[in-house]
Amino acid sequence: MLENYLPIMIFIAIGIAIGVLPVLAGFVLGPRKPDSEKLSPYECGFEAFEDSRMRFDVRYYLVAILFIIFDLEIAFLFPWAIVLDSIGMFGFIAMMIFLGILVIGFIYEWKKGALEWE
Amino acid sequence: MAEFWEFIREPFFITLWIVAILVPLLLGVAYLTYAERKIIGYMQVRIGPNRVGPRGWLQPIADALKLLMKEIIVPQNSNRFLFLIAPMISIAPALAAWAVMPFTDRLVLANIDASLLYILALTSMGVYGVIIAGWASNSKYAFLGAMRSAAQIVAYEIAMGFALVGVLIAGGSLNLVDIVQAQQGSLVHWFWLPLFPLFLVYFISGVAETNRAPFDVAEGESEIVAGFHVEYSGMAFAVFFLAEYANMILIAALAALMFLGGWLSPFEGTWFESWFAWVPGIFWLLVKTSLFLFCFLWFRATFPRYRYDQIMRLGWKVFIPITIVWIVVAGGLVVGEVGPWFN
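Listed in order, the protein sequences are those of chains A and B.
Taking our numbering, I'd label the letters of the first sequence as residues 1 to 118.
Taking our numbering, I'd label the letters of the second sequence as residues 1001 to 1343.
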């Protein structure tokens, strides 16, 4: 069982190596002539106006929270989906009640305008 | 010495296997960029790249060499460590997800039971690369692009996850080999038919997940230049590029496995099935994957870019309700044992 995961470990290591090696090769083979204009953040030719770690829209934060909620729902649905064939009608109805509660929450979010971007 | 060989033998053969997967994959990535430029060229009545090598066949290699010889600029005030680690975070999961990819029913490197869960876990790591790149570059365009891109990826990941739940209901397993084998029978037994809305949602979400046109606001040239990787140059940029195209191939291959019967022949169950019995299964998988990849390129040549609020509306207000409804329908089909799929 667990030896099936050895190829995955090696694959991840090789995946990281494929990320690291070209960048190292780029540093070795490419020129290296930095100057202050080249190293300044790109802002269409202007000097940078202010720090770029600026305030951003709170809705991004809201999206992150909603994502966590819905992703958890999906995590709940995964094991149910696999055994649905054997748990039959009882399991189906139980999950429908759960999904019903989820949908009520979803409608509430929708009505509150949490999903609006204008 | 013999003991040492005994110890090293298995990792050695696994590494050979991995090389045998990765070399065609990376070549595929290189020639996908060529195919993209050629196909979009012909769609716009141009001929695309045709100077480097016969008919431009060496163009991707020339591009790679050019990027290799360019300076990697690390901007001032950037977090140097995060800046350099970000491309690696995006490429490693895009490649490592291929560890569990079945090419035929026996040609699997790691045939683990939870292979779909593993792929889902790894592909959701990709968003870290984007957000770290945007934060570490200390540039406004990069920062805005990363925020947009992360919110978009996260929103479509939910729709994609729900679509996968539908596949699991139909397939009854997390193992990709079992999911394909559950589709055996004929063209209409493949899951694209009983799960048709989920099939569409999955593929469109896949286009949005990889930040491809028409959902490419994260790197929309006309607004925020190149989005999260605007400060990257040379090989550091090339690694991001590689990750994006590897992800496209991954999404296309998964769509082929989960909805179009993977390596199963499309002529199964018809009277001329035996005519095509000599064709190896991996050929069908490649054909189906290429079909989806062509759609990626076709979309880019056809659709104008979506506005950001339209993207978010599509993800949250259209796809999630559709998928929830179809999960209920698919569950009903399985519990009611509706044929020809679930009896």
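Keep in mind that the hints were calculated from the coordinates and are not lab data.
Some hints could be false.
Said to hold, decoys possible - Covered, in the sense of this in silico footprint (three residues per stretch, anywhere, with C-beta under 8 Å from a C-beta of chain A), are these stretches of chain B:
| no. | region |
| --- | --- |
| 1 | 1009 to 1023 |
| 2 | 1045 to 1058 |
| 3 | 1062 to 1071 |
| 4 | 1082 to 1088 |
| 5 | 1098 to 1109 |
| 6 | 1145 to 1155 |
| 7 | 1294 to 1302 |
Where a beta carbon is used, it is the ideal one built from N, C-alpha and C, also for glycine.
**OP:** Compare the structure with the hints numbered earlier in the document and write down the numbers of the violated ones, lowest to highest.
**Re:** 2, 7
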